[in-house]
Amino acid sequence: MELKSDNIQDRPEQQQQQMQQQQQEQQEQQHFHVLAVDDSVIDRKLLEKLLKVSSYQVTCVDSGDKALEYLGLLNNLDCHSTTSSSSSSSSSSSSSCSQSSQQEGLKVNLIMTDFCMPGMSGYDLLKRVKGSSWKDVPVVVMSSENVPSRISMCLEGGAEEFLLKPLQLSDLDKIQAYLVKSLDHSCTNMDKDLIGDNNDNDDNSNNNYSEDSNNDNGNSNNSNNNFSKRKAISSEATERRPKMKGVAVIV
Amino acid sequence: MDVVKLQKQLVDYRASLYHEAFLDEQFTQLQELQDENNPDFVVEVVSLFFEDSERLLNELAKALEQQSIDFKRVDAHVHQLKGSSSSIGAQRVQKVCITFRNYCEEQNVEGCLKCLQQVKHEYSLVKTKLETMFKLQQQILAAGGSIPM
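Quick mapping for you: the protein sequence lines, in order, are chains A and B. Okay, so the first sequence: first residue is 65 according to this note's numbering, each after it adds one. Okay, so the second sequence: first residue is 15 according to this note's numbering, each after it adds one.
Keep in mind that the hints are not guaranteed to be accurate.
[As the list claims (entries may be wrong)] Derived DSSO-like pairs: lysine-lysine, alpha-carbon spacing no greater than 30 Å straight-line:
(1) B:109 <-> A:109
(2) A:116 <-> B:76
(3) B:149 <-> A:109
(4) B:109 <-> A:113
(5) A:116 <-> B:141
(6) B:141 <-> A:113
(7) B:143 <-> A:116
(8) B:128 <-> A:113
(9) A:113 <-> B:143
(10) B:134 <-> A:113
(11) A:199 <-> A:130
(12) B:109 <-> B:149
(13) B:76 <-> B:19
(14) A:191 <-> B:134
(15) A:109 <-> B:86
(16) B:76 <-> B:141
(17) A:109 <-> B:141
(18) B:86 <-> A:130
(19) B:76 <-> A:109
(20) A:109 <-> B:134
(21) A:109 <-> B:19
(22) A:238 <-> B:109
(23) A:113 <-> B:76
(24) B:22 <-> B:76
Note that these hints are calculated values from the structure, not bench results.
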């Protein structure tokens with residue numbers, strides 16, 4: 065990264081062009097990736113369009129199970145977790161995970177899920193995600209029905225937002241705020257991973273375990289803290305918004 | 015045919031669909047999402063809606079023909095139809111679905127059968143209207159004009 069800071073103009077033109085192209089490609093790759101879950105083909109198409117128009121990358125799946133599969137969380141296996149208590153279970157999970165090549169470098173910045181789905185509901189999916197190594201990914205729940213008890217249940221379950229269908233472009237402004245927040249999380253995780261790579265397995269699991277226990281202690285305060293955090297962050301995001309799309313981000 | 019005349023026809027026809035509540039502002043949202051990269055977006059979504067609705071109406075007819083009606087199943091289908099009609103802005107279809115769901119909750123067979131007829135009727139009306147509108151659009155494009163917003 066230091067190379068690119070000052071002397072681009074001094075370098076030969078070809079190299080300049082190459083570097084600019086690389087920067088551009090990196091910027092494109094840095095677009096937020098949203099996992100959209102909805103059993104309705106029409107709503108999937110609509111959501112995909114809304115997100116693409118807003119410059120997000122989208123992956124659509126039609127059920128909670130497919131979402132879990134995509135995230136590597138099927139069958140209660142957590143392919144991203146290094147907090148397995150017994151080494152034997154981690155080795156068995158890693159053998160089944162090596163078959164799903166999606167896992168490597170998989171980046172999901174936001175999950176948007178319908179509430180009412182046959183089989184696993186959006187709420188069930190929310191709880192599964194929040195109980196996994198993907199717990200820091202913001203989850204937004206959508207529903208065509210305005211049921212206050214449902215809304216508070218989802219928010220208490222860890223959802224960032226509850227959106228009423230049908231969705232409109234204006235709803236996506238709210239989502240931008242959560243993506244900025246998740247950026248901070250994913251940067252931190254990447255740093256942790258970088259540190260983890262240099263250690264052997266035992267040290268790695270120890271680091272993560274202590275992280276998790278800290279999080280657990282914080283959980284009871286979370287719902288209170290989140291409200292004030294949410295407001296603070298959304299005002300920051302509003303200021304940043306004009307610059308958002310051009311930002312090159314390391315995820 | 016005169017492009018300007020066609021364009022006026024389209025604008026008036028579209029306005030009438032909103033005025034008569036066949037369509038609501040959600041349909042406008044769909045149109046706003048369409049761009050040069052995906053110029054058939056609205057037609058694609060609406061076609062999906064037609065396919066999906068016809069499937070659901072068939073399922074509903076079957077479910078209501080049963081000796082012992084499974085109202086939960088009927089309600090699930092109506093819920094889907096309500097959702098998809100809402101997503102494309104087919105307001106009159108959506109409204110009938112709301113009434114339909116109430117009858118399901120009451121396990122009122124007569125009410126449900128009546129609503130099934132009503133929703134079939136409203137669906138076929140909006141389908142015809144949308145197809146007419148798309149034809150007008152095609153005519154304008156074929157005559158070298160552009161679709162007025």
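* Asked: Would the pair residue 109 of chain A and residue 141 of chain B pass a check requiring their Cα atoms to be no farther apart than 30 Å?
  -> 19 Å, holds
* Asked: residue 113 of chain A and residue 76 of chain B: Cα distance at most 30 Å?
  -> 34 Å, violated
* Would the pair residue 128 of chain B and residue 113 of chain A pass a check requiring their Cα atoms to be no farther apart than 30 Å? -> 36 Å, violated
* Asked: Does residue 76 of chain B pair with residue 109 of chain A here, judged by a C-alpha cut-off of 30 Å?
  -> 28 Å, holds
* To do: Quickly compare the C-alpha distance for residue 134 of chain B and residue 113 of chain A to 30 Å and report which way the hint goes.
  => Given pair residue 134 of chain B, residue 113 of chain A holds - Cα atoms ~29 Å apart, limit 30 Å.
* Asked: Keeping to a limit of 30 Å between CA atoms, is the pair of residue 143 of chain B and residue 116 of chain A held or broken?
  -> 29 Å, holds
* If you draw a straight line from the CA of residue 109 of chain B to the CA of residue 149 of chain B, is it 30 Å or shorter? -> 26 Å, holds
* Within 30 Å, alpha carbon to alpha carbon, are residue 113 of chain A and residue 143 of chain B? -> 24 Å, holds
* To do: Take a quick look at whether residue 109 of chain B and residue 113 of chain A sit within 30 Å of each other, Cα to Cα.
  => 26 Å, holds
* To do: Below or equal to 30 Å on CA atoms is what counts here, so check residue 109 of chain A against residue 19 of chain B.
  => 33 Å, violated
* Taken at face value, is the distance from the CA of residue 141 of chain B to the CA of residue 116 of chain A at most 30 Å? -> 28 Å, holds
* Under the criterion that the straight-line Cα-Cα distance not exceed 30 Å, is the pair residue 116 of chain A, residue 76 of chain B satisfied? -> Distance ~38 Å between residue 116 of chain A and residue 76 of chain B Cα, so the pair is violated.
Violated hints for the displayed structure, listed by number in ascending order: 2, 8, 13, 14, 21, 23 and 24.
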